[in-house]
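Undergrad: Next come the chains, spelled out residue by residue.
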Amino acid sequence: MKGERREWPLYEVFIRGKRGLNHVHVGSLHAADERMALTHARDLYTRRNEGVSIWVVRSDAITASTPDEKDPFFAPSGDKVYRHPTFYDIPEDVPHI
Amino acid sequence: MMPDNDGAHESANAAGSDAGEQQLQEHFDRTIAHDQRIEPRDWMPEAYRRTLVRQIAQHAHSEIIGMQPEGEWITRAPSLRRKAILFAKVQDEAGHGLYLYSAAETLGADRADLTERLIEGRQKYSSIFNYPTMNFADVGVIGWFVDGAAICNQVPLCRSSYGPYARAMVRICKEESFHQRQGYELLMTMMRGTEAQRRMVQDAVDRWWWPSLMMFGPPDGDSPNTAKSMAWHIKRHSNDELRQRFVDMTVPQAEKLGVVLPDPQLRWNEERGHHDFGTPDWSELKRVISGDGPCNAQRMTRRRAAHEDGAWVREAASAYAAKQAAGVAEQQQQEGRAA
Numbered sequence: 001m002k003g004e005r006r007e008w009p010l011y012e013v014f015i016r017g018k019r020g021l022n023h024v025h026v027g028s029l030h031a032a033d034e035r036m037a038l039t040h041a042r043d044l045y046t047r048r049n050e051g052v053s054i055w056v057v058r059s060d061a062i063t064a065s066t067p068d069e070k071d072p073f074f075a076p077s078g079d080k081v082y083r084h085p086t087f088y089d090i091p092e093d094v095p096h097i
Numbered sequence: 098m099m100p101d102n103d104g105a106h107e108s109a110n111a112a113g114s115d116a117g118e119q120q121l122q123e124h125f126d127r128t129i130a131h132d133q134r135i136e137p138r139d140w141m142p143e144a145y146r147r148t149l150v151r152q153i154a155q156h157a158h159s160e161i162i163g164m165q166p167e168g169e170w171i172t173r174a175p176s177l178r179r180k181a182i183l184f185a186k187v188q189d190e191a192g193h194g195l196y197l198y199s200a201a202e203t204l205g206a207d208r209a210d211l212t213e214r215l216i217e218g219r220q221k222y223s224s225i226f227n228y229p230t231m232n233f234a235d236v237g238v239i240g241w242f243v244d245g246a247a248i249c250n251q252v253p254l255c256r257s258s259y260g261p262y263a264r265a266m267v268r269i270c271k272e273e274s275f276h277q278r279q280g281y282e283l284l285m286t287m288m289r290g291t292e293a294q295r296r297m298v299q300d301a302v303d304r305w306w307w308p309s310l311m312m313f314g315p316p317d318g319d320s321p322n323t324a325k326s327m328a329w330h331i332k333r334h335s336n337d338e339l340r341q342r343f344v345d346m347t348v349p350q351a352e353k354l355g356v357v358l359p360d361p362q363l364r365w366n367e368e369r370g371h372h373d374f375g376t377p378d379w380s381e382l383k384r385v386i387s388g389d390g391p392c393n394a395q396r397m398t399r400r401r402a403a404h405e406d407g408a409w410v411r412e413a414a415s416a417y418a419a420k421q422a423a424g425v426a427e428q429q430q431q432e433g434r435a436a
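If you're matching them up, the sequences are chains H and P in order. All the letters of the first sequence, read from the start, carry residue numbers 1 to 97 under the working numbering. All the letters of the second sequence, read from the start, carry residue numbers 98 to 436 under the working numbering.
Hint data in this document are derived by calculation from the structure and do not stem from the laboratory. No residue lacks a Cβ here, since even glycine has one placed at the ideal position from N, Cα and C. No false leads were mixed into what you were given.
Just some of the chain H residues that point at chain P, by a computed CB distance under 7 Å:
{"hint": "1", "residue": "E7"}
{"hint": "2", "residue": "G27"}
{"hint": "3", "residue": "S28"}
{"hint": "4", "residue": "A32"}
{"hint": "5", "residue": "D33"}
{"hint": "6", "residue": "L44"}
{"hint": "7", "residue": "P67"}
Just a sample of chain P residues kept apart from chain H, beta carbon distances all over 12 Å, derived:
{"hint": "8", "residue": "A116"}
{"hint": "9", "residue": "P175"}
{"hint": "10", "residue": "K180"}
{"hint": "11", "residue": "Y228"}
{"hint": "12", "residue": "P359"}
{"hint": "13", "residue": "P377"}
{"hint": "14", "residue": "D389"}
{"hint": "15", "residue": "Q429"}
Same shape as in the complex, but just chain H (with noise of 0.2 Å):
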C-alpha cells in the first residue's frame, strides 16, 4: 500500500442550495478527475437535495488572501467610510432617502 501514496488530487466543493441563491463552500474531496470530483459531490454532499448546481475546482488551482485579519491587503477599504451611507448626515425630515 506505500506504493500507492500516489494521492488522487483535492477538490474544493461548492454548492448552489436553490436557484437565487449563491454557490457556496461546502467541503472538499479526493478524486481521480473532474468528472468523478462532480459524482463524488453528488453523493457526499447533496443526499437530501442540498444542491441545485456543483462547481468543483482543485484545491491548488485556488489563489488566497492571506489569513490574517490585520493585513495590510485589505487597509485600502479601512478609512473609507464614505463609502457608506450612514456617512452622510440627512435630515429626518426628507422622504425616501
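Place chain P on chain H using the hints.
TA: Okay, now just chain P, sitting in the frame of chain H:
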C-alpha cells in the same frame, strides 16, 4: 557563508521569531477568548493543531468503522423499507467520515496517511463499534442509544473553536437526527409485535446500555486532555456532563418504549434535578480501547480488506484520468500544429 556567521544568523532569527510567536499566540488567545472561530490558515499553537487532528481523525475513523456493525444487517433486514433505511443510514456514516477527513485535511493532515494510521492500528476509533450486532433489534438500539449519545456529544461540537470541524458537525448533526429516530421507530414497531420480539428488544437494550455510556469516555477525573480541550473551546462540556445529559434524555424514552434500562441504581434525584446512575465498568472500556474488545480484530480485518479490495478501482480510475489527460494534451498539440 562562515559557519560562525551562520550560527549568529540563526540565533538572531530565533529571538525574532520568539517575539513574533508570542504576538501570534496572543492573537490566537484573544480569538478564542472572544469565542470566535479559528480558520485553516490562521496561526495556531502546534498542540492545538495536534489535538484537533487526533480528535477529528479518531472521529472520522469511528464513522467509517461504524458502518460495519449495522452494515452486516443490510442483506438481512426484514423488509424493503428497513433495508432502504439502513442502507441510507450506513451511507450517511460514510459521508460523515468523509466530511471529517476533509476537516482534518485543512489542518495539514494527509488523507492516505490517516487511512494508513487506522489500518495499522496507530489511531483509534470509538470503543462502541467493537461490540457485535446479535439480532435485528440491535440495529434499532444502535440508532436510539449510539446515535443518541453521538448527538449529545456532537451538538456542542457545532460550536467548536475550529471552523471546519464545527461546520462538519453542523452537517452531521442534521443527519444524525434521522438515525436516532429510525432506530426508535424500529424498536416501537418491534415492541408492538410478539412477545419474542419484545424480548429481543430488551436483550439488545441490556447489551448496549453500558457500552453506550462508555462512549462519552473515562470519568472526568481520569480524562487528562479534557481541561486543555475545554480551554481551547474544542470541547464545550466534560465527559461526565454529557453522560448525565444522555441518561436524563434516555430514561423517559425507555419508559415510553416499555423497556427496562439494566441499572438497579438508576433513579431520579429530586435534589440534583438529574438521574443518579451506576458506574460503568471502566476496566472494560480500557480493555476495549486497547484492542481487546469482542470485535476489534474483526473490524480491523474488514477495514483492511475493504481498502485492499478497492485498490484496483483506485488504480483504474487514476489510469483512466491519466489517459484522458494525455489524450487532451495530444489533441491540443495536434491543433497547435494544424494552426
